[in-house]
Structures are given as C-alpha cells and as structure tokens.
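Participant: Chains as they are written, first to last, in my numbering: chain A, 88 to 201; chain B, 59 to 166.
If you're looking for bench data, these hints aren't it; they were derived computationally from the structure. Glycine included, every Cβ here is placed at the ideal spot set by N, Cα and C. Do not rely on the hints blindly, as some may be mistaken.
[Unchecked claim] Selected chain A positions facing chain B (in silico; Cβ < 7 Å): (1) 129; (2) 130; (3) 132; (4) 193; (5) 194.
In case you want the letters, here they are:
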Amino acid sequence: DTAVSQTPKYLVTQMGNDKSIKCEQNLGHDTMYWYKQDSKKFLKIMFSYNNKELIINETVPNRFSPKSPDKAHLNLHINSLELGDSAVYFCASSRRSGDPYEQYFGPGTRLTVT
Amino acid sequence: EDQVTQSPEALRLQEGESSSLNCSYTVSGLRGLFWYRQDPGKGPEFLFTLYSAGEEKEKERLKATLTKKESFLHITAPKPEDSATYLCAVQRSEKLVFGKGTKLTVNP
Numbered sequence: 088d089t090a091v092s093q094t095p096k097y098l099v100t101q102m103g104n105d106k107s108i109k110c111e112q113n114l115g116h117d118t119m120y121w122y123k124q125d126s127k128k129f130l131k132i133m134f135s136y137n138n139k140e141l142i143i144n145e146t147v148p149n150r151f152s153p154k155s156p157d158k159a160h161l162n163l164h165i166n167s168l169e170l171g172d173s174a175v176y177f178c179a180s181s182r183r184s185g186d187p188y189e190q191y192f193g194p195g196t197r198l199t200v201t
Numbered sequence: 059e060d061q062v063t064q065s066p067e068a069l070r071l072q073e074g075e076s077s078s079l080n081c082s083y084t085v086s087g088l089r090g091l092f093w094y095r096q097d098p099g100k101g102p103e104f105l106f107t108l109y110s111a112g113e114e115k116e117k118e119r120l121k122a123t124l125t126k127k128e129s130f131l132h133i134t135a136p137k138p139e140d141s142a143t144y145l146c147a148v149q150r151s152e153k154l155v156f157g158k159g160t161k162l163t164v165n166p
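Bound conformation, chain B alone:
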C-alpha cells in the first residue's frame, strides 16, 4: 500500500532559523511528488512538483529536493508569514496520496 510519512508533525522556529521538513514515501511507479502549503481555513496551495530523484526546485525561501525514498523541503531564513501546514503528496496512476503534514510556526 502506498504510504507517505511526514516529519516532524510540528516544528517551531525562530525567524531566520533555517530547517528542513521531511517526506518519506513508499510507492511503486512514482509519477510525481508534490508539495503544498495550507493556511488555516483555506485549501492547499501548490508549491512544487518533483518528478525524479536528484531533482531540485526553489521558490523564494523554499527549496524542495527528491531522492528515491524521500523528499525534503528546506526553509532558509524563514519569516513569520511562512507559518503554515506543509503537505507532501505522491502520485501513482490517477490519484494523489497525501501525508498528514508538518505544521510550521515561525516566531518573530
């Protein structure tokens, strides 16, 4: 069965304190790995798609990387507005399988 495990469940950082979120997965025939951001009371917002091991993508303070077993979302010098829940999802065939997310809080 496809599984997506995100860690940690929750992470508190001080503004400017860089860190990484982990997404480990077991899926046969991975077609893509996605990162989403979800703010309270809102729908998930697309961030990145990674297709193959070794691929990296960046957007502002965020950088996503992919290996054959896991993906990392690196947050460099975060700001309070980066506070959100970050969701990882893998695609096999027609559907996305989501992890439970990492709730990130960045304190000023």
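With the rest of the complex left out, here is chain A:
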C-alpha cells in the first residue's frame, strides 16, 4: 500500500499555463505539507495544513495555492507558471503539527516549465 501518493509523477508544461498536483495519504495523519526541491537538491517547505487548516505559508508567490478538501488530501495549484517553478515538488504527512513527529514523503512530482 502506498502511504503518500502524488499525481502526476512528471509534468511538462509551457510558461503561463496553470497546473495542479494532487496528493493523498492513507496513514490517517492530521498534517500534510508541500515541499519544493530545487536543482541543487535543497528541500524547502512551502505550505502545511493541519486538519484542513493552513498553518505554514512560507514566502511563496501567490500564484501557488494549496487546497485541502479533507485531511487525507492536499492539492497544489499553480497559476501562470514560470521557468523558475521547474523543480521537484514533494508532498508529505505527519501525525500532528508542532510535535516532533516524523514526516513521510511522497514520490515527488517533477515539474518542467518550458
């Protein structure tokens, strides 16, 4: 069973387009996250939701909008894609926010903007 899944695995699109990445976790966790890993492999948090409530919103352009329909799903919508958005985006989940619980990551979505 896949614990944290993401779709699609690869996404190639042109500048200016709008795209979405979906994430689902079947671990029963309360908290979900979106991370961006750039070309230098640096992993940085973008957003975090706890029971559908936004709790972390790092300095991310407002072209990026997360949405959590329920605590098992966290989607990421990106408007007006730019070249600099090319990266690997990881979804993760943990039991609860605040406490030092380990986070479990999905397989990633490689976004390429041309």
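Start from chain A and add chain B according to the hints.
Facilitator: Structure of chain B alone, referenced to chain A:
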C-alpha cells in the same frame, strides 16, 4: 535564522570502509533532529529522530548521535545499497529545516 549545514557534500567509500556524516545546526528551541535517506528519483525516507543531546539511535549499519550543536550519522561497514543522499533536518515550532544533504557512494 535557523541553519543546517551538512558535510561533506559528497563522500565515496569502498565497501566495508566505515565513516561518518556530519550535520551541524544553529536553531533556538530545537524540538527534534531528523535523518532521512533519499534515493535518486524518490522522496526522502525517514531514518531517525533524535530529541536531546546524548541520544543515540541505531538501524542496521547506521547509527545517529546528537550533541547540542551537531549530529553524526555513522555508517559501519557500508554496502553498495547504502548509496544515497542523506538529509538532516531540524524542527523548530511547526516546520522542518533541511540541510543540503551528503551524497554517499559506496563502491563494491
């Protein structure tokens, strides 16, 4: 500002050659330090959580230790399948701050 620095950036070992990876951090109010393993094209895989200085945890050939300023990931008699990028992260309040990782290659 919270900082996590991992060294070396890359490490090549022969099979069976033990070594250590370093993670030094500056963070106020550390709530936990995490080690992850990341294989190419995959998401990070959780290895260990350390909560306080002096704590140690082991898993197979890996042993993680923690002081007030740094953590070490000791790899004993590594095998080629241990080749991966090892990431260190610290937690303060709600979020994890990751280092840039150490890419480990173990040659047979």
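Participant: Go through the numbered hints given earlier and state which of them the structure violates, listing their numbers in rising order.
Facilitator: none
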